[in-house]
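Trainee: Next come the chains, spelled out residue by residue.
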Amino acid sequence: MSQRMVVSEEGLYEVLAFLVSSAQILVNEPHLYGTFRLIDGASRLIGFALESGQLEDEEFLRRLKEDVDERKFLLMTDEDTYFQLLEDSTRAMAREMKKRASAQEAGA
Amino acid sequence: MDVMEAIKGRRSIRQFTDRPVEREKLERLLEAARWAPSGGNLQRWRFVVVTSPSQRELVKKFAPGIFAMPAAFIVVCADKEPDANPWKEALYLADCSIASQNIMLTAYEMGIGTCVALSYAKSAISEILELPENVEPMLVVTLGYPAEDPEPPPRFELSEMAFEERYGQEWKP
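Protein sequences appear in the order of chains A and X. Per the working numbering, the first sequence starts with residue 1, numbered consecutively. Per the working numbering, the second sequence starts with residue 1, numbered consecutively.
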């Protein structure tokens, strides 16, 4: 598995600003907004990684980001589909992590 | 433009083109805000207009609820009196909200899209805009020429929210 950096220092700071701000404002925001900030933060982080052009294989993350960005705003109008997005994203991440772990084992 | 047309036609716009908002239009928006009613005519609102790319970048980075870069922000602040009581605190928000609606309706009339945001880190925005300690950012209005034309979200019927003489007694047209 590659150990190279895939997020620039500028990207790191932007994600940190997002996370720290979110932590502060979520004290008073509706609790579901917390789930939104997390999945939106994931999308933003993927965005920086894709921008860097340093990913070994960007297909999975690109698809994940597209799916998140397409469905995340449904929190406001269609909670069930939004919850399904969270479920699908988690499952997709688990599958991908399993795949990566297997590939690492095979390569070791 | 008819007032009702503006009220019903205005949408929250979250995607903007790169076109800047002309300075005279920003001035007109500020003028609209200035003429809003305020409790006791206190006019404790303050408006910080942000248009420079560097300041906009900074504001957006600390506003997780703003998803695309607008051409401008108007940060609607309250110049709070020391030891303001809860009534005054409520008044600040009410006054800033009314001024923001004036901004948004006037913007709509000029073809400018807006969205009012509360999801930003107040302490960070205060730092970036160098707000005095007693000045609090109450609302952020994003502004720009629309790059989307969203459908109006559903509205509850009047019968569900308007009553006559006493709560629960249906308002009849």
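Rather than coming from a laboratory, the hints here were simulated on the basis of the structure. Keep in mind it's a predicted model, so treat the numbers as computed, not measured. Glycine included, each C-beta is placed from N, C-alpha and C at the ideal position. Honestly, I wouldn't trust all of these hints.
Unchecked claim - Taking beta-carbon pairs under 10 Å as the criterion, some of the chain A residues facing chain X (in silico): (1) Ser-8; (2) Leu-12; (3) Tyr-13; (4) Glu-14; (5) Phe-18; (6) Leu-19; (7) Ser-21; (8) Ile-25; (9) Leu-26; (10) Tyr-33; (11) Phe-73; (12) Asp-80; (13) Lys-98; (14) Ser-102; (15) Ala-103.
What the hints assert, rightly or not - Distance ranges between label pairs, derived from CB positions: (16) X/Asp-2 / A/Val-27: 39 to 47 Å; (17) A/Ser-8 / X/Met-69: 12 to 20 Å; (18) X/Pro-150 / A/Asp-80: 20 to 28 Å; (19) A/Ser-52 / X/Gly-9: 37 to 45 Å; (20) A/Leu-74 / X/Glu-57: 42 to 50 Å; (21) A/Leu-12 / X/Val-3: 24 to 32 Å; (22) X/Gly-39 / A/Leu-74: 35 to 43 Å; (23) A/Ser-102 / X/Asn-134: 56 to 64 Å; (24) X/Ser-97 / A/Met-97: 56 to 64 Å; (25) A/Ser-52 / X/Leu-42: 16 to 24 Å.
Trainee: Need the list of violated hint numbers for this structure, in ascending order.
Mentor: 1, 2, 12, 13, 14, 15, 20, 21, 24, 25
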